[in-house]
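There are 2 protein chains.
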Amino acid sequence: MHILVLGAAGMVGRKFLERLAADGHLGGQAIRHATLHDVVMPAAPAGAAFSVSLTAGDLSAAGEATRLVAGRPDLIVHLAAIVSGEAEADFDKGYRINLDGTRDLFEAVRAIADGYRPRLIFTSSIAVFGAPFHERIGDEFHLTPLTSYGTQKAIGELLLADYSRRGIFDGIGIRLPTVCVRPGKPNKAASGFFSNIIREPLAGQEAVLPVSDDVRHWHASPRSAVGFLIHAATMDLAAVGPRRNLSMPGLSCTVAEQIAALERVAGKSVTARIRREPDPVIQGIVAGWPRNFDPARALALGFRAETSFEDIIRVHIDDELGGSFVA
Amino acid sequence: MHILVLGAAGMVGRKFLERLAADGHLGGQAIRHATLHDVVMPAAPAGAAFSVSLTAGDLSAAGEATRLVAGRPDLIVHLAAIVSGEAEADFDKGYRINLDGTRDLFEAVRAIADGYRPRLIFTSSIAVFGAPFHERIGDEFHLTPLTSYGTQKAIGELLLADYSRRGIFDGIGIRLPTVCVRPGKPNKAASGFFSNIIREPLAGQEAVLPVSDDVRHWHASPRSAVGFLIHAATMDLAAVGPRRNLSMPGLSCTVAEQIAALERVAGKSVTARIRREPDPVIQGIVAGWPRNFDPARALALGFRAETSFEDIIRVHIDDELGGSFVA
Chain Y
1 MHILVLGAAG
11 MVGRKFLERL
21 AADGHLGGQA
31 IRHATLHDVV
41 MPAAPAGAAF
51 SVSLTAGDLS
61 AAGEATRLVA
71 GRPDLIVHLA
81 AIVSGEAEAD
91 FDKGYRINLD
101 GTRDLFEAVR
111 AIADGYRPRL
121 IFTSSIAVFG
131 APFHERIGDE
141 FHLTPLTSYG
151 TQKAIGELLL
161 ADYSRRGIFD
171 GIGIRLPTVC
181 VRPGKPNKAA
191 SGFFSNIIRE
201 PLAGQEAVLP
211 VSDDVRHWHA
221 SPRSAVGFLI
231 HAATMDLAAV
241 GPRRNLSMPG
251 LSCTVAEQIA
261 ALERVAGKSV
271 TARIRREPDP
281 VIQGIVAGWP
291 RNFDPARALA
301 LGFRAETSFE
311 DIIRVHIDDE
321 LGGSFVA
Chain L
328 MHILVLGAAG
338 MVGRKFLERL
348 AADGHLGGQA
358 IRHATLHDVV
368 MPAAPAGAAF
378 SVSLTAGDLS
388 AAGEATRLVA
398 GRPDLIVHLA
408 AIVSGEAEAD
418 FDKGYRINLD
428 GTRDLFEAVR
438 AIADGYRPRL
448 IFTSSIAVFG
458 APFHERIGDE
468 FHLTPLTSYG
478 TQKAIGELLL
488 ADYSRRGIFD
498 GIGIRLPTVC
508 VRPGKPNKAA
518 SGFFSNIIRE
528 PLAGQEAVLP
538 VSDDVRHWHA
548 SPRSAVGFLI
558 HAATMDLAAV
568 GPRRNLSMPG
578 LSCTVAEQIA
588 ALERVAGKSV
598 TARIRREPDP
608 VIQGIVAGWP
618 RNFDPARALA
628 LGFRAETSFE
638 DIIRVHIDDE
648 LGGSFVA
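These protein sequence lines are chains Y and L, in that order. Residue 1 is where the first sequence starts when you use the working numbering, and the numbers rise one by one after that. Residue 328 is where the second sequence starts when you use the working numbering, and the numbers rise one by one after that.
Since the hints were made in silico from the structure, they are not lab data. One thing to keep in mind: the hints can contain errors.
[To be verified] So these bits of chain L aren't anywhere near chain Y, every CB distance computed over 10 angstroms: (1) A357; (2) V410; (3) D417; (4) P472; (5) P513; (6) S518; (7) S579; (8) T598; (9) S651.
[What the hints assert, rightly or not] Each computed SDA-like pair below joins lysine to any residue, with the alpha-carbon atoms no more than 25 angstroms apart: (10) L:K420 - Y:P132; (11) Y:K93 - L:R346; (12) L:K512 - L:R346; (13) L:K512 - L:R600; (14) Y:K93 - L:G442; (15) Y:K93 - L:Y443; (16) L:K420 - Y:G115; (17) L:K420 - Y:A113.
Where is the CB? At the ideal position from N, CA and C, for every residue including glycine.
Take these sequences, add in the hints, and give me the full structure.
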């Protein structure tokens with residue numbers, strides 16, 4: 001099979017490709033070729049037995065989506081997006097990439113119009129939900145985004161469902177929890193601290209906690225995020241029906257529970273590296289975010305995530321730190 | 328004040344303009360000018376004390392929306408749409424007018440960018456909801472359209488909320504119930520029979536009922552639909568908050584209850600003109616439609632509709648038949 005991955009240079013895209021390179025197949029089907037696209041040139045995964053084409057460009061540029069689907073990929077994984085903060089700061093760019101780019105991709109598939117009907121996975125976000133909401137957000141709760149990014153993702157979901165209903169492609173939209181522990185350096189994303197307070201102390205570094213310990217949030221590991229993509233790529237989509245967009249499972253816990261889990265896994269000397277420095281701006285942003293979900297449909301359809309924050313920490317230690325940490 | 332009405336040649340648009348012409352003001356503000364636009368040339372309402380510009384064109388054509396908002400209307404009433412059946416039959420036309428045209432309008436307002444911030448009313452539809460749903464659809468139920476028309480309306484709602492949140496305009500989206508009794512000739516819309524079985528018998532004509540008597544649906548009179556627009560144009564929008572799209576109130580009743588009301592208002596000789604001729608295709612379509620709502624937010628915000636189907640029939644007899652019918 002031939003796979004097209006858009007947004008292949010991002011963290012989830014890279015980890016998905018590493019997994020494909022390691023597995024060599026997808027649901028028992030051999031992978032023969034992967035086309036990897038991003039706005040910056042992506043890298044081929046190490047050790048892949050399949051051939052790889054690398055391409056960089058603006059998904060919303062004229063002809064770009066048409067070129068990308070011309071090879072008639074069997075599976076399209078659409079991870080490309082301008083992230084939340086940038087889509088909020090740059091109205092035009094956010095709508096151009098996140099809405100027009102997505103629609104261009106869908107239209108490029110439709111334009112082939114000879115019975116070609118790939119599977120298409122669209123990564124949406126819990127940012128489609130905006131406060132106030134129930135303590136646990138159920139599968140029938142309405143989408144009321146409070147950012148342009150969330151609006152663009154919600155529109156992508158609606159288009160995905162309509163194009164799938166029309167038989168243009170076989171689509172599935174997956175709303176990812178906050179990915180934690182995010183590897184790499186601390187960044188300025190408002191959600192960064194959820195990962196920073198685990199990753200940095202395990203690396204012997206100090207981390208700043210800008211919110212109070214009782215803040216609750218919704219997490220899944222990078223490994224689970226890749227697992228969602230693999231499952232979405234291989235599951236029976238007929239069982240999904242016309243409601244093609246699903247809140248993925250995750251783990252709801254408070255910052256206090258994150259820190260207690262870190263102490264159980266790594267000890268007090270590690271948690272002592274967390275410094276509390278309340279930031280009212282970040283506290284205000286985080287107050288509008290979902291805290292917990294009841295992802296009954298995704299669970300019934302076989303999607304799985306971690307069920308304890310210790311597991312999330314151990315995934316990080318195993319996958320990113322080679323099994324050890326700075327005690 | 329200056330008003331721009333898009334879709335001004337449609338039934339709701341014409342009745343809204345007749346009401347403005349009769350009132351001469353909107354929420355106490357004198358109307359000085361109205362620009363009326365549609366794909367076919369609209370007509371000026373009779374007896375208006377305000378000046379009227381009439382213009383016809385394709386809202387999604389290059390420069391059209393910019394031209395329409397260049398006069399900086401204080402209120403924009405966006406009723407223009409390709410209807411459900413046509414948007415389903417013609418994919419490109421539906422997306423072009425219902426999505427691109429709406430976005431072009433919103434962008435034309437944004438492009439003025441000098442503090443101009445009109446009120447903008449967007450008419451959405453109960454077609455944003457697709458079965459299965461609860462017996463009464465609440466204000467927090469998700470939008471799962473099963474048509475391209477419903478998808479396009481749902482996307483319009485999301486854009487309206489984001490542009491309003493950004494301060495580009497002060498928007499409100501109203502999801503209209505099925506308008507009943509629709510004046511005019513019987514048409515081939517799948518929903519036409521809800522009006523036909525009232526309007527035709529009152530005019531001495533036979534009407535066909537293609538579904539069983541226990542089919543339940545959600546109705547409001549043309550007079551109520553106009554009332555929703557007037558209220559949306561004059562209410563305090565600050566009270567609405569970021570969730571800018573509201574299911575309007577209506578009346579839920581079965582076909583049997585419609586016919587019983589018709590008998591109470593007009594007698595058995597009138598209801599005898601209804602001929603039962605089941606149509607499995609129409610029955611199938613109607614089975615996926617909403618039957619009842621719990622429009623708590625709209626009611627709390629002061630929107631009102633009829634509370635008995637007799638009232639809906641009397642509105643038709645008063646407003647369309649000059650107070651009498653063929654007994």
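We went through each hint and held it up to the structure:
No beta-carbon of chain Y is positioned within 10 angstroms of the beta-carbon of A357 of chain L; the least distance is around 35 angstroms. Consistency note on V410 of chain L: stated as away from chain Y, and its beta-carbon is indeed over 10 angstroms from all of that chain's, at 16 angstroms minimum. Remark: the non-interface label on D417 of chain L is consistent with the geometry, its nearest Cβ contact in chain Y lying 12 angstroms away (cut-off 10 angstroms). A Cβ of chain Y approaches the Cβ of P472 of chain L within 10 angstroms, the least distance being about 7 angstroms, so the stated non-interface status is violated.
Residue-level check passed: P513 of chain L sits 29 angstroms from the nearest beta carbon of chain Y, beyond 10 angstroms. Consistency note on S518 of chain L: stated as away from chain Y, and its beta-carbon is indeed over 10 angstroms from all of that chain's, at 20 angstroms minimum. Even its closest Cβ contact with chain Y, about 20 angstroms, leaves S579 of chain L beyond 10 angstroms, as expected for a residue assigned away from the interface. With a minimum CB-CB distance of about 38 angstroms to chain Y, T598 of chain L clears the 10 angstroms threshold, and the non-interface call stands.
Non-interface status of S651 of chain L relative to chain Y is upheld: no Cβ of that chain comes within 10 angstroms, the nearest being about 45 angstroms off. Distance hint between K420 of chain L and P132 of chain Y is unfulfilled; the C-alpha atoms sit about 36 angstroms from each other, more than 25 angstroms. Straight-line distance between C-alpha atoms of K93 of chain Y and R346 of chain L comes to about 42 angstroms, which puts the hinted pair past the 25 angstroms bound. Distance hint between K512 of chain L and R346 of chain L is fulfilled; the C-alpha atoms sit about 22 angstroms from each other, no more than 25 angstroms.
At most 25 angstroms may separate the alpha-carbon atoms for a hinted pair to count; K512 of chain L and R600 of chain L meet this at roughly 16 angstroms. About 22 angstroms separates the Cα atoms of K93 of chain Y and G442 of chain L, which keeps this hinted pair within 25 angstroms; it holds. Distance check on the hinted pair: K93 of chain Y and Y443 of chain L sit about 22 angstroms apart at the alpha-carbon level, within 25 angstroms; holds. Proximity of K420 of chain L to G115 of chain Y is assessed by CA-CA distance (about 22 angstroms); at most 25 angstroms being required, the pair is judged to hold.
A threshold of 25 angstroms between alpha carbons decides the hint, and for K420 of chain L with A113 of chain Y the separation of about 17 angstroms falls inside it, so the pair holds.
Hint check: violations occur at hints 4, 10 and 11; the rest are consistent with the structure.
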